[in-house]
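Student: Numbering (the working numbering), first residue to last: 143 to 510.
Taking lysine-lysine and the BS3-like style, the derived pairs with C-alpha atoms no more than 30 angstroms apart in a straight line are:
1. LYS292 with LYS401
2. LYS274 with LYS394
3. LYS348 with LYS394
4. LYS394 with LYS344
Okay, the calculated beta carbon distance ranges per label pair:
5. ARG237 with ALA499: 34 to 44 angstroms
6. LEU400 with GLN200: 28 to 38 angstroms
7. ASP227 with ALA206: 23 to 33 angstroms
8. GLY478 with GLY293: 21 to 31 angstroms
9. ALA362 with ILE415: 51 to 61 angstroms
10. LEU326 with SER250: 22 to 32 angstroms
11. THR231 with PRO277: 17 to 27 angstroms
12. ARG235 with GLY339: 39 to 49 angstroms
13. GLY478 with LEU422: 47 to 57 angstroms
14. ALA492 with VAL304: 22 to 32 angstroms
15. ILE415 with GLY189: 48 to 58 angstroms
16. ALA362 with LEU423: 41 to 51 angstroms
Just so you know, these hints were derived from the structure itself, not from any lab.
Backbone N, C-alpha and C fix where the C-beta goes; we use that ideal spot for every residue, glycine too.
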Amino acid sequence: MSNREISDNPLSAQSEVFSLAVDGMGGDGAPDVVVAGLAIAADRHPGMRVLLIGDEAQLRPLLAKHPKAEAICTIWHTDASIPMDMKPTAALRVRQSSMRLGMDAVASGRAKGVVSAGNSGAMLALAKIVVKTMPGISRPAMAAISPTIKGDVVMLDLGANVSCDWRNLVEFAVMGEAFAKAVLGLPAPRIGLLNIGSEELKGDEKLRVASEALRESPLAAQFHGFIEGHDITAGTTDVVVTDGFTGNVALKTGEGALKMASSLLRQVFNRGIISKIGYLLVRPGLERMKEWLDPRRYNGAVFVGLNGVVVKSHGGTDAEGFAAAVDVAMDMVTHGFNESIRERLTHMGALLSRHQASLERESEETAS
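All chains, please: the whole structure from these sequences, using the hints.
Tutor: Now the structure itself:
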């Protein structure tokens, strides 16, 4: 398929269902980084079809330079885009923005997922309003993959919900398990609730109730229990569940620790001739470690719990990083991510209702 411009109202005028809708104008390096990233992703997903949304005058020359991207893309022209500093409330009013049209494509069923490197706050707001929350999920969450000494780990929530109740945490566990299956290829991911200690009596009531619910759920065999901060990088579990405030702090702390370690290593190996000789000896190992911890490999945070796949690429990423975000979206689309969540929730509905009723009875008894 060669790239072409489709009609002004492609959601009704065309019958083709696209693998992904891609915001061509979102991110610091757009549209150049977006098109170059799609060219890389095209090799990994030869059957992928992309609805590339943005300014045709800018996109078409770039696609001509990247024939692999050109072969999988169809352009949907729009002049409007969402600036990185625009407030979410203002972004909601720009109905013809490249980001909004990507969400519209998913909501209408024209595309199975959307990827953007644009404004995070605007993207979350648009996802909630346009794509909407999946039935049975009270709040969507932000999930992402991080490295551990044993492999990779899925973490959620990473900032979409500052405070959560026990039911939110159980839903996050369901969504995190489905994410780990789809993206990491794990048949039975282990799940942990992040707490201030691993003992059963540690933490507040919401954590203890969430733990009880998970131990009685279809996920019981995969539920490890409470984990602590050091368990994240130790790879104790495959999925780490927490509220958005704690998750965001943990994520940023981990990123800071990696930067500090990198800076200290540079200082050590630049202290003198002996240090530089030592660097040459260990350089192959350091290069492998650098590749393993490369943040581009982990680019692609996902808003889970929506009626469609919504992936947020880091705004400052390069083409390799954007391709990684596309990889995440394609893995979720290909492996039926949302279908897996719906199936789990169907089996857990009665359990969640029973726990909620029990808590309400206890609250009434305490009040009386």
